[in-house]
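Asks: So the sequences go chain by chain: A and B.
Converting from the first sequence to my numbering requires adding 2 to each position, the first position being numbered 1.
Converting from the second sequence to my numbering requires adding 1 to each position, the first position being numbered 1.
No lab work stands behind these hints: they were computed from the structure.
Check the hints yourself; a few may be wrong.
Selected chain B positions facing chain A (in silico; Cβ < 10 Å) [stated by the list, open to error]:
(1) 191
(2) 245
(3) 365
In silico EDC-like cross-links for lysine to aspartate or glutamate, where the CA-CA straight-line distance does not exceed 16 Å [to be verified]:
(4) 195(A) - 356(B)
(5) 37(A) - 88(A)
(6) 195(A) - 90(B)
(7) 197(A) - 419(B)
Note that this is a predicted model, so its numbers are computed, not measured.
C-beta atoms are modelled at their ideal positions from N, C-alpha and C, and glycine is treated no differently.
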Amino acid sequence: MDRRTVLKNLALVIGGAVLLPSCLHPDGTTYIKLKHIDIDADQEKTIADMCETFIPKTNTPGAKELNLPAFVLKMIDDCYGKKDQEAFLAGMAKFTEMVKTKYNSSFSDLSVKDREAILTGIENSAKPKEGAKATARRPRPQKHLEADPQMAFYWAVKQQTIYAYTTSQYFMTKLVFYDMIPGRYNVHYPVSKLKLA
Amino acid sequence: MANLNIDSVKTRTFDAIVIGSGISGGWAAKELTGHGLKTLVLERGRDVKHIKDYPTTNKFPWEFEHHGQLPAAVTEANPIASRCYAFGEDSAHFFVKDKEHPYIQDKPFDWIRGYQVGGKSLLWARQTQRWSDFDFEGPARDGFAVDWPIRYKDIAPWYSYVEKFAGIAGNKDGIPELPDGEFLPGYPLNDVEVYFSEHLKKNYKNRHVISARCAHLSKPNQIHIDQGRTQCQNRDLCQRGCPFGGYFSSNASTMPWAEKSGNMTLRPFSVVESIIYDDKLGKATGVRVVDTKTKETIEYYAKIIFVNAAAINTNLVLLNSTSARFPNGFGNDSGVLGKYIAFHNYSAHIGAEYDGLKEWTVDGRSPTGGYIPRFRNVYKQETNFLRGYACGFSAYRYQQHKYDGVGSSLKEGLVKGDLSPWYVGSHMMGETIPKESNHVSLDSKLKDEWGVPLLRINIDYDDNDEKMKKDYIEQLTEMFTSAGFKNIQPSTNHQAPGLDIHEMGGARMGKDPKTSILNEWNQVHACKNVFVTDGACMTSTSCQNPSLTYMAITARAADHAVSELKKGNV
Chain A
3 MDRRTVLKNL ALVIGGAVLL PSCLHPDGTT YIKLKHIDID ADQEKTIADM CETFIPKTNT
63 PGAKELNLPA FVLKMIDDCY GKKDQEAFLA GMAKFTEMVK TKYNSSFSDL SVKDREAILT
123 GIENSAKPKE GAKATARRPR PQKHLEADPQ MAFYWAVKQQ TIYAYTTSQY FMTKLVFYDM
183 IPGRYNVHYP VSKLKLA
Chain B
2 MANLNIDSVK TRTFDAIVIG SGISGGWAAK ELTGHGLKTL VLERGRDVKH IKDYPTTNKF
62 PWEFEHHGQL PAAVTEANPI ASRCYAFGED SAHFFVKDKE HPYIQDKPFD WIRGYQVGGK
122 SLLWARQTQR WSDFDFEGPA RDGFAVDWPI RYKDIAPWYS YVEKFAGIAG NKDGIPELPD
182 GEFLPGYPLN DVEVYFSEHL KKNYKNRHVI SARCAHLSKP NQIHIDQGRT QCQNRDLCQR
242 GCPFGGYFSS NASTMPWAEK SGNMTLRPFS VVESIIYDDK LGKATGVRVV DTKTKETIEY
302 YAKIIFVNAA AINTNLVLLN STSARFPNGF GNDSGVLGKY IAFHNYSAHI GAEYDGLKEW
362 TVDGRSPTGG YIPRFRNVYK QETNFLRGYA CGFSAYRYQQ HKYDGVGSSL KEGLVKGDLS
422 PWYVGSHMMG ETIPKESNHV SLDSKLKDEW GVPLLRINID YDDNDEKMKK DYIEQLTEMF
482 TSAGFKNIQP STNHQAPGLD IHEMGGARMG KDPKTSILNE WNQVHACKNV FVTDGACMTS
542 TSCQNPSLTY MAITARAADH AVSELKKGNV
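The task is simple: from the sequences and hints, build the whole structure.
Replies: Here you go:
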């Protein structure tokens, strides 16, 4: 066990029972019942397939395997205001319609290549000022959406997928190291010694 | 029955009562119990025990329901609390929710509150700079407010006293306007902060960047280990409560210490409705409390009373404590109670990039940053505004990820990425001038759930603040430019007073009972067994973060109270 694990465990012991993991598992193992917005099974599938197109399974797990779609929906359901949710839903309808017109198919029935082409096409058509970039050092979703509903929908799904992914246990333990208890502050530290994943 | 009543009075009688358990109340509790006084500590909120009641402290981001983000229902229901930088999914349980405790904003005022044992000491930014005589002599020299009845020499030993116990990290910088203290090793400045510090030293007189002194155990002494605290682990998750006791809070430090003395009785869920004044005895005999759960009114009695309800609420308690002797509020012969409230002006920022020192970065996290002590109007009046400002100053860089595209390239962009250039940022911390018009008062009709009148808050910026803000932007822009920083971006906001969480005054100290509420020992001029030692006592605001000064003032006043008790003077 390295020193940090020891420290974290020590803190857990000191902290006692209250530190047991929350019973509400945020990444969810099943789809979450939404409280504020109405999404039907097809729409849920569309969003899940968008998530998987953004973060596909490669030699590391993809969005679906990490249960990101449920979290993305939960974020939009809980953390967006009514106005943003209305734009999101209107945008999803527009998106579905656009795919149907262009491909005579639903998004989910398309090949990965077509799905990628659709998403890349939207992204390249109009980027928000900050792109999908979350602010500075801590990933945070951007809550104020674009005026155009389709863009609002697109960026909401993309940003929340990125947020879900980069704050997931898998990402923060396997792909990068989230250092909860650094126990150090070294200044004048050579960039060459930094482990940039 | 008669006996029962006598017994009941007896169980409700103490040597001392402390109203509030935040940063100053905790100190009052520790000092008074430490001198053997049976002390009742009243807290309007719930109890929060160190570690045990920090439910989020060891959670990883993915263990939060929204990975740290607050639901819209919470932010929309709490526009005031939501404006505080520390209000998040990991800390919301330590903040007062807007609807629970309403107040009337005659002018916009973001009143940030923490109603629990420990108060806001769980949430504070932990910056602890001493005041100097440039601050205590300010009102007299510049002709505003009233003269402070104390000087630096009066409080210096008490700064040392509280610093040793609380644990303050800092360096001996030898700057007269920011006196050195009893420090644990300071956190170092990083390379760009050092660069800017050296730049200022070379090019400006009296402008310094130092490592901001902070209440963190960089290297604990025995006295901190005796409190059950250990070294700060640089987690930067302080607002959750620290399981290591790495930073000072009432919960980690003074309250358990007071409890250990065996002399403290802690009563949470107890709103103080008023202080009881006995006309015949000519002094205060106790306090009237409303139990927030049962709504029952109970009286408690003591020889001395310390009022540490937090600046604005202390004003509320005093204003609501009326009697034949004090028809306009407790100790308010002068008519200044609730007036001359001031705060700190945090409404300007500036950011920039630095295109050098690219081969260097930092590793780990610092609990503090750089600090530029006040350099305006220090030795003499030199600008078109009174007083001045201190500045936060920090340099940082971070890994830049790519968020473009879809698929494996996006996945890679989220993991990999080069280091950004250095960015620098600063915010102003301006002194504001206490004015009679900046005041709080009781509403004549509306009351809260416990029968206490609602507070009306009437506090605003003035022309002096605007001029100072303009000067901050000008000076920092010039300093950044001459240091070779690029892409300099000043910004101002219109944040309401209150969001600085440095509201002060209303029951100010002063030499003359005709123009102040408290004397040089924080005793109410007209009722010497009542002491006010939280932010309400402040005659002026300086520009240093005030908590350390509250601690020192409290310890000093408690010492005086004990000695006056022994002499039979109170």
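Asks: Among all the numbered hints in the text so far, which are the ones the structure does not match?
Replies: The structure conflicts with hints 4, 6, although it agrees with all the remaining ones.
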